[in-house]
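K.L.:
One letter stands for each residue in the lines below.
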Amino acid sequence: DTEVTQTPKHLVMGMTNKKSLKCEQHMGHRAMYWYKQKAKKPPELMFVYSYEKLSINESVPSRFSPECPNSSLLNLHLHALQPEDSALYLCASSQESQGRSKYFGPGTRLTVT
Amino acid sequence: GESVGLHLPTLSVQEGDNSIINCAYSNSASDYFIWYKQESGKGPQFIIDIRSNMDKRQGQRVTVLLNKTVKHLSLQIAYTQPGDSAVYFCAENESNTGKLIFGQGTTLQVKP
Numbered sequence: 001d002t003e004v005t006q007t008p009k010h011l012v013m014g015m016t017n018k019k020s021l022k023c024e025q026h027m028g029h030r031a032m033y034w035y036k037q038k039a040k041k042p043p044e045l046m047f048v049y050s051y052e053k054l055s056i057n058e059s060v061p062s063r064f065s066p067e068c069p070n071s072s073l074l075n076l077h078l079h080a081l082q083p084e085d086s087a088l089y090l091c092a093s094s095q096e097s098q099g100r101s102k103y104f105g106p107g108t109r110l111t112v113t
Numbered sequence: 001g002e003s004v005g006l007h008l009p010t011l012s013v014q015e016g017d018n019s020i021i022n023c024a025y026s027n028s029a030s031d032y033f034i035w036y037k038q039e040s041g042k043g044p045q046f047i048i049d050i051r052s053n054m055d056k057r058q059g060q061r062v063t064v065l066l067n068k069t070v071k072h073l074s075l076q077i078a079y080t081q082p083g084d085s086a087v088y089f090c091a092e093n094e095s096n097t098g099k100l101i102f103g104q105g106t107t108l109q110v111k112p
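Heads up: the sequence lines are chains A and B, in that order.
The first sequence runs 1 to 113 under the numbering used here.
The second sequence runs 1 to 112 under the numbering used here.
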């Protein structure tokens, strides 16, 4: 099973809302990732968690707050977002942070109004 | 059909023809490369990968070629089908950071 699941599939939120994106994998992978993808652009790395610890933060604004409660779960907490943050948010996992194959979830389509 | 140069946004091929999608990568230290297929509204789907100590790898209907001398990667799809229509991204894995760096992507359109 090479499945990464993400919820919700779609999310519409106002600029004053607080919401969370969730990601789960049961492949025993020890590295998990958040990517942001704008329309017609490649995914851009936001955060990397390795063995449940944050190892890379690609200078992401603090209105995005990642959390890794355990080795199977990854959350992205959202607060005070801007309309330009509207995008597809993708979660991925791999065996280790320098692991070979990175498997992606289907993404959460986020719209900030 | 073939995409040429560093990046061609769209490649249009006839069903049944072979497709070649090209990609140039930037980091000589990258040790691993992946091709992804992304259909509309979905996340990237792993197609095939290749390590830097190889120059060719074959899968089912797909072949990846790696030329480290010119830092060039290509994906060949044999007997292209309508279901192959998607955006294709190459990605290089930076060995020192584990970061996956994506190319700009090529849209493959398959004409029936």
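Among the hints, erroneous ones may be present.
DSS-like cross-link-like pairs, simulated, lysine-lysine; straight-line CA separation at most 25 angstroms [as the list claims (entries may be wrong)]:
#, chain 1, residue 1, chain 2, residue 2
1, A, LYS53, A, LYS40
2, A, LYS53, B, LYS68
3, B, LYS42, A, LYS9
Not the full set, but computed from the structure, chain A residues with beta-carbon under 8 angstroms of chain B [claimed, not checked]:
#, residue
4, PRO42
5, PRO43
6, MET46
7, VAL48
8, LEU78
In case anyone wonders, no lab produced these hints; they're calculated from the structure.
C-beta atoms are modelled at their ideal positions from N, C-alpha and C, and glycine is treated no differently.
K.L.:
Hints first: check each against the structure and report whether it holds.
P.N.:
Okay, the hints, checked on the actual structure:
| no. | hint | in the structure |
| --- | --- | --- |
| 1 | LYS53/A with LYS40/A | violated, 31 angstroms |
| 2 | LYS53/A with LYS68/B | violated, 34 angstroms |
| 3 | LYS42/B with LYS9/A | holds, 10 angstroms |
| 4 | PRO42 | holds, 4 angstroms |
| 5 | PRO43 | holds, 6 angstroms |
| 6 | MET46 | violated, 11 angstroms |
| 7 | VAL48 | holds, 7 angstroms |
| 8 | LEU78 | violated, 19 angstroms |
This entry does not satisfy hints 1, 2, 6, 8, going by the numbered hints stated previously.
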